[in-house]
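Residues per chain are reported as follows:
Protein chains: 2
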Amino acid sequence: MPNHRSERPDFFVRHQELLARAVTAVGERGYWSPYPESPSTLVYGVGAPEEGKAAFKAHLGQAFLLPGHAGSTSPVACEEVSPYGFALGISYPHLTPAEAVAVAKAAAPAWRDADPDDRAGVAAEILSRLNAASFEIAHAVQHTTGQPFVMAFQAGGPHAQDRGLEAVAYAWAEQKRHPATARWSKPQRKGEPIVMEKTFTPVGRGVALLIACNTFPTWNGYPGLFASLVTGNPVIVKPHPRAVLPLALTVRIAREVLAEAGYDPNVVLLAAEDSFGRVAAELAVHPDVKIVDFTGSSEFGNWLEDNARQAAVYTEKAGLNTVVVDSTDDYQGLLRNLAFSLSLYSGQMCTTPQNLLVPRDGIATDQGPRTAAEFAADLGTALDKLLGDPQRAAGALGAIVSDAVSKRLEEAATVGKTVHAPRTLAHPEYADACVRTPLVALLDADGDAETYTREWFGPVSFVIATDSTSHSLRLLHDTIRRHGALTATVHSREEYVLQAARAAALDAGVHLSENLTGPVFANQSAAFSDFHGTSANPAASAALTDPAFVTGRFTVLQSRRHLPAQEKTHV
Amino acid sequence: MPNHRSERPDFFVRHQELLARAVTAVGERGYWSPYPESPSTLVYGVGAPEEGKAAFKAHLGQAFLLPGHAGSTSPVACEEVSPYGFALGISYPHLTPAEAVAVAKAAAPAWRDADPDDRAGVAAEILSRLNAASFEIAHAVQHTTGQPFVMAFQAGGPHAQDRGLEAVAYAWAEQKRHPATARWSKPQRKGEPIVMEKTFTPVGRGVALLIACNTFPTWNGYPGLFASLVTGNPVIVKPHPRAVLPLALTVRIAREVLAEAGYDPNVVLLAAEDSFGRVAAELAVHPDVKIVDFTGSSEFGNWLEDNARQAAVYTEKAGLNTVVVDSTDDYQGLLRNLAFSLSLYSGQMCTTPQNLLVPRDGIATDQGPRTAAEFAADLGTALDKLLGDPQRAAGALGAIVSDAVSKRLEEAATVGKTVHAPRTLAHPEYADACVRTPLVALLDADGDAETYTREWFGPVSFVIATDSTSHSLRLLHDTIRRHGALTATVHSREEYVLQAARAAALDAGVHLSENLTGPVFANQSAAFSDFHGTSANPAASAALTDPAFVTGRFTVLQSRRHLPAQEKTHV
Numbered sequence: 061m062p063n064h065r066s067e068r069p070d071f072f073v074r075h076q077e078l079l080a081r082a083v084t085a086v087g088e089r090g091y092w093s094p095y096p097e098s099p100s101t102l103v104y105g106v107g108a109p110e111e112g113k114a115a116f117k118a119h120l121g122q123a124f125l126l127p128g129h130a131g132s133t134s135p136v137a138c139e140e141v142s143p144y145g146f147a148l149g150i151s152y153p154h155l156t157p158a159e160a161v162a163v164a165k166a167a168a169p170a171w172r173d174a175d176p177d178d179r180a181g182v183a184a185e186i187l188s189r190l191n192a193a194s195f196e197i198a199h200a201v202q203h204t205t206g207q208p209f210v211m212a213f214q215a216g217g218p219h220a221q222d223r224g225l226e227a228v229a230y231a232w233a234e235q236k237r238h239p240a241t242a243r244w245s246k247p248q249r250k251g252e253p254i255v256m257e258k259t260f261t262p263v264g265r266g267v268a269l270l271i272a273c274n275t276f277p278t279w280n281g282y283p284g285l286f287a288s289l290v291t292g293n294p295v296i297v298k299p300h301p302r303a304v305l306p307l308a309l310t311v312r313i314a315r316e317v318l319a320e321a322g323y324d325p326n327v328v329l330l331a332a333e334d335s336f337g338r339v340a341a342e343l344a345v346h347p348d349v350k351i352v353d354f355t356g357s358s359e360f361g362n363w364l365e366d367n368a369r370q371a372a373v374y375t376e377k378a379g380l381n382t383v384v385v386d387s388t389d390d391y392q393g394l395l396r397n398l399a400f401s402l403s404l405y406s407g408q409m410c411t412t413p414q415n416l417l418v419p420r421d422g423i424a425t426d427q428g429p430r431t432a433a434e435f436a437a438d439l440g441t442a443l444d445k446l447l448g449d450p451q452r453a454a455g456a457l458g459a460i461v462s463d464a465v466s467k468r469l470e471e472a473a474t475v476g477k478t479v480h481a482p483r484t485l486a487h488p489e490y491a492d493a494c495v496r497t498p499l500v501a502l503l504d505a506d507g508d509a510e511t512y513t514r515e516w517f518g519p520v521s522f523v524i525a526t527d528s529t530s531h532s533l534r535l536l537h538d539t540i541r542r543h544g545a546l547t548a549t550v551h552s553r554e555e556y557v558l559q560a561a562r563a564a565a566l567d568a569g570v571h572l573s574e575n576l577t578g579p580v581f582a583n584q585s586a587a588f589s590d591f592h593g594t595s596a597n598p599a600a601s602a603a604l605t606d607p608a609f610v611t612g613r614f615t616v617l618q619s620r621r622h623l624p625a626q627e628k629t630h631v
Numbered sequence: 061m062p063n064h065r066s067e068r069p070d071f072f073v074r075h076q077e078l079l080a081r082a083v084t085a086v087g088e089r090g091y092w093s094p095y096p097e098s099p100s101t102l103v104y105g106v107g108a109p110e111e112g113k114a115a116f117k118a119h120l121g122q123a124f125l126l127p128g129h130a131g132s133t134s135p136v137a138c139e140e141v142s143p144y145g146f147a148l149g150i151s152y153p154h155l156t157p158a159e160a161v162a163v164a165k166a167a168a169p170a171w172r173d174a175d176p177d178d179r180a181g182v183a184a185e186i187l188s189r190l191n192a193a194s195f196e197i198a199h200a201v202q203h204t205t206g207q208p209f210v211m212a213f214q215a216g217g218p219h220a221q222d223r224g225l226e227a228v229a230y231a232w233a234e235q236k237r238h239p240a241t242a243r244w245s246k247p248q249r250k251g252e253p254i255v256m257e258k259t260f261t262p263v264g265r266g267v268a269l270l271i272a273c274n275t276f277p278t279w280n281g282y283p284g285l286f287a288s289l290v291t292g293n294p295v296i297v298k299p300h301p302r303a304v305l306p307l308a309l310t311v312r313i314a315r316e317v318l319a320e321a322g323y324d325p326n327v328v329l330l331a332a333e334d335s336f337g338r339v340a341a342e343l344a345v346h347p348d349v350k351i352v353d354f355t356g357s358s359e360f361g362n363w364l365e366d367n368a369r370q371a372a373v374y375t376e377k378a379g380l381n382t383v384v385v386d387s388t389d390d391y392q393g394l395l396r397n398l399a400f401s402l403s404l405y406s407g408q409m410c411t412t413p414q415n416l417l418v419p420r421d422g423i424a425t426d427q428g429p430r431t432a433a434e435f436a437a438d439l440g441t442a443l444d445k446l447l448g449d450p451q452r453a454a455g456a457l458g459a460i461v462s463d464a465v466s467k468r469l470e471e472a473a474t475v476g477k478t479v480h481a482p483r484t485l486a487h488p489e490y491a492d493a494c495v496r497t498p499l500v501a502l503l504d505a506d507g508d509a510e511t512y513t514r515e516w517f518g519p520v521s522f523v524i525a526t527d528s529t530s531h532s533l534r535l536l537h538d539t540i541r542r543h544g545a546l547t548a549t550v551h552s553r554e555e556y557v558l559q560a561a562r563a564a565a566l567d568a569g570v571h572l573s574e575n576l577t578g579p580v581f582a583n584q585s586a587a588f589s590d591f592h593g594t595s596a597n598p599a600a601s602a603a604l605t606d607p608a609f610v611t612g613r614f615t616v617l618q619s620r621r622h623l624p625a626q627e628k629t630h631v
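Chains as they are written, first to last, in my numbering: chain A, 61 to 631; chain B, 61 to 631.
Bound-form chain A, shown alone (with noise of 0.2 Å):
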């Protein structure tokens, strides 16, 4: 045991009961969350909203400090614009990737020699300090995201946190599958058994990068942090240009944490960059990075698989959410989910329903049968519905997350039968914010397969008219097995076309979301319980988070030697 722990803060103690809920509850998978989700004073404190948004406004304009931080002489200006209108002008220390490596492989013998508990302790009070800071950071989610303020707020605070703890549950437990030593005697025919010692120690891979993505820089960042951390790798955290500040305070909190409990801060590292470095693809590549996880777009995150083949590749990519519409017993509760799943954060989500699969002929409902035609004017009342307070469109849809998603919103107006073209609204608090409604288009399954066998991130949907349900879940499973996808959903009031697609779903490889009318959407997914991708499809390799999420990132390595006589004697 190293001398820092006698004086230094035991934080595996403080967060040990927490840590043994958090591994029974991902093996049970019920409801629970430890870090509570309101974003109210009754439970943050009074003064902790104000105290937040200041924090982050103190930030804009500034050089962001990361003391003891390697680089920080020639600060890089990342081009951080909030989606509500505003730069926020913060430069970040910079460090090249040769650099980055360097110092954290000098961080790395120390934290590696550090036991499974020492980690995952010092990994539960970097949580715990986050989920303080909740306010702070969910305004630097928020504008550098577009996403709603309680939004940014819950998936960027609290949820990201729970799936951190998840992630260091599993990487935990996983570390205590076997003994730190074991006694192995093998009894012989003849005379005393033969004994030895054996000694198991969990080794990291090495040094780990992760590369954040803009939309959600904290809750699809913090699975793969806090697995390779608690793995015994230090890592090295490379955000996207444009959604740097929440990943900044992350690492932040992270080597208070770290310096604190006796490590070197370096075992975490802010590689910050503008959009025009190759930090990213030059990290993967580094020989000794051997860890790479990734959130954004096919095209990169194929590459990392292509390159970084010296390192375990975790990735998060793009697909085709898939929703079969068969029949419901409660049609405006249907059309009412979809149409807050299409809005939810302007569609900009990973997981929200891109193809919506109807039978041309008209599906049954409690308010009688609609055809595709129909169904798909019906869902653009109820966006209509949803979206005529600005108050409440604001909360629902945030502000669009780049130019790249206002240029394929006009694009989508081309393809197809336009059902619902996309409004632009004022914000009632940001004047300069871009909100836009999603567009749904109607769209053939036979004639217009080039346009919805592609991703369309951003709030596009598409009402695919198809022959029959059994044409539909054909649809689903062979769109998915070849593009991949992050939810599947269906509708019916049949139980053997919910069974149906049951199969099709476990065939392509995606996890299946069955009628939901009421308040749970297809877009979200709740730590410890829901698992989020799967590497049974093209869109991910990882499920963030599982056992096969934090498997690859350590080594159990043994020594064995025979015990002493006299030691065998007490066997």
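It cannot be assumed that every hint is accurate.
Identical copies carry no separate label here, and so any pair may be met within one copy or between two of them.
Below 20 Å or equal to it, Euclidean Cα-Cα: the simulated EDC-like pairs (lysine to aspartate or glutamate) are [as the list claims (entries may be wrong)]:
hint, residue 1, residue 2
1, Lys246, Glu88
2, Lys246, Glu97
3, Lys236, Glu88
4, Lys246, Asp590
5, Lys165, Glu316
Honestly, the hints are just simulated from the structure, not real lab data.
Please build the complex by placing chain B on the supplied structure of chain A, with the hints as guidance.
Here is chain B on its own, set in the frame of chain A:
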């Protein structure tokens, strides 16, 4: 549940206790072996040895029949020739890669739908019948690999079965980490909780391919075979052209058990070929082959890793097994142990020590100091003593498996200074067996790096004179990090040297044995206690077996739905 369960034997119930005990064993890593290693009639029954031998002999010169196996019409004549001097002359069913994949895929859905308990039960029954066939398999292993009989029995029979059950235990337990169903109940500030029912289904990745080796077809093959099988994947077994029979017997037994349990026997297929075939390479890159297990050359292993990109690839390749000799309290024990290590199966093990690092100026021993040259000479003497008696020599050495090994032995005579020249021995039972004693050459750490940084598979080892033990440890670290190793050993009476060796081994990513002077040898690893490979150095990408070895073979897919109101009230 499938209908067959009522009428068919329930293998899970039969083996449930064994499976639970195996899961406990892998978690405790003490001594445990369910399949007795002693080839004794007291264990295996009177007549078992003779029946096994007769069963083996009955295969010679015949067509090997696999009832119901596809492609049986034009059999493959494999070139199996016993290293003990006779041709086996057995032909096997012929299956093209396309046929094999198509048949395996057709068998997959029902096997996927079986639950993990059923699959583990089937696997345990297969292992139980393999155990009963241990004598027949022992002869098959002896006369394809050249292993001495007792070793062929132990390593090819019970020890391989142990490794198989170890893989079953990990695969079964890993699929049981998450419940089959869970109730998610999220409290709401007002009103009833939101309640969902979720199902979690482990689903295999697809068709699995096992590419087995010549020297340990069952021991190295069973972990991948059983890990893939129990995680729900059909397996195509592709034996080495010179060691088909042990795996053909295995496939036959597996198919019998599958059929009895009501599954398609084509869940396990044999893809035999002669050495001119390209079946392994063709299958490995087939788009539907999603898992590849391989033991063999670095060349083909690296090719698989580079090219079988659609699959999870688990390889065991070549390396430089290393011994650091610093000092000893039991010089004769050290020499005896090492001489046996080098002699066992003529060094034709992926774990045999090759590079013996000894300070040029000498080591301290209980018999006084010994220079590197003296140590090498003493090792030669120990070899002569061990192998002086022909019966005993034959029992240790077995026979040379192939011309490639013989040629390597000739080549080794030209490097460094030969200290112990290989002798050709007459086998007491088989006049035509090729039996050679090990070669030991003295090399210099600085001058002969080109020689000792490649693997010399077979009875070739080098005493390498180094500057000091520090130099030896540095060499161990650097050569293993670069070229890989499955085993590392240190001899020292100083605890600080042992600790330094542990640190070097952890950093190099290799398992370590310390001061082996008794009946445990560096090249042996015990199932349920010792990990075999590590994924932390180039010699292997898998441990055979650990959680990382199984988690990549399946995905847990979920479905979720709200509970109907009447069911909620029972929450």
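Cross-check of the supplied hints:
no.: 1; hint: Lys246 - Glu88; in the structure: between (37 Å within a copy, 14 Å between copies)
no.: 2; hint: Lys246 - Glu97; in the structure: between (54 Å within a copy, 12 Å between copies)
no.: 3; hint: Lys236 - Glu88; in the structure: both (18 Å within a copy, 11 Å between copies)
no.: 4; hint: Lys246 - Asp590; in the structure: between (44 Å within a copy, 13 Å between copies)
no.: 5; hint: Lys165 - Glu316; in the structure: within (19 Å within a copy, 53 Å between copies)
Checked against the numbered hints given earlier, this structure breaks none of them.
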